[in-house]
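According to UniProt numbering, the sequence shown is numbered sequentially starting from 1.
Worth flagging that the hints you see were computed from the coordinates, not collected in a lab.
Each hint should be verified, as a subset may be incorrect.
[What the hints assert, rightly or not] In silico DSSO-like pairs for lysine-lysine, Cα to Cα no more than 27 Å straight-line:
#1 K80 - K41
#2 K64 - K15
#3 K41 - K15
#4 K15 - K80
#5 K64 - K100
What you are looking at is a predicted structure, and each value in this text was computed from that prediction instead of being measured.
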Amino acid sequence: MSGKRAGNANPAAFKEWLRWYCQAFTDQVWTIHEILSVGEKAVVRYSGQSTYRGGLLGLPASSKPVRETGMLIFRIAGGKVRELWTALSDLELVFELGGKVVPGSVKDATPG
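I would like the entire structure built from these sequences, with the hints used as guidance.
Below you can see the structure in the form of structure tokens.
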């Protein structure tokens, strides 16, 4: 989100992303709906609501509540999270904030 990614980041980069996220989305309330685990893997299905304060992809602050949903898959070994896979509702969130998909804009938005 906003060019900042939480996945596969070192601790300092993750802290920076988390600081940005907590400023962009305040009043956070999260609900864990399910936790399933088998062997080294655990799956968490969750949803959350927060207030958007701005800073995501140039979308203006709305101060309105937004909803997110997602699933996280963790691989845990030696008491630590070793890998993380995510399925997030980021695109739905962008639409909820008034963002639109513009034909031809994907190439311009793709890094590198």
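Q: Quickly compare the C-alpha distance for K64 and K100 to 27 Å and report which way the hint goes.
A: Roughly 18 Å separates the two Cα atoms, so the pair holds.
Q: Mind checking the alpha carbons of K15 and K80 for me, to see if they're no more than 27 Å apart?
A: Measuring from Cα to Cα gives roughly 17 Å; hence the hint holds.
**Q.** Satisfaction of hint between K15 and K64, Cα-Cα up to 27 Å
**A.** holds, 25 Å
Q) Are K80 and K41 close enough, with their CA atoms no more than 27 Å apart? A) With Cα atoms ~11 Å apart, K80 and K41 stay inside 27 Å; holds.
Q | Proposed proximity, K15 with K41 (alpha carbon, max 27 Å) | A | holds, 24 Å
The structure meets every hint from the earlier list without exception.
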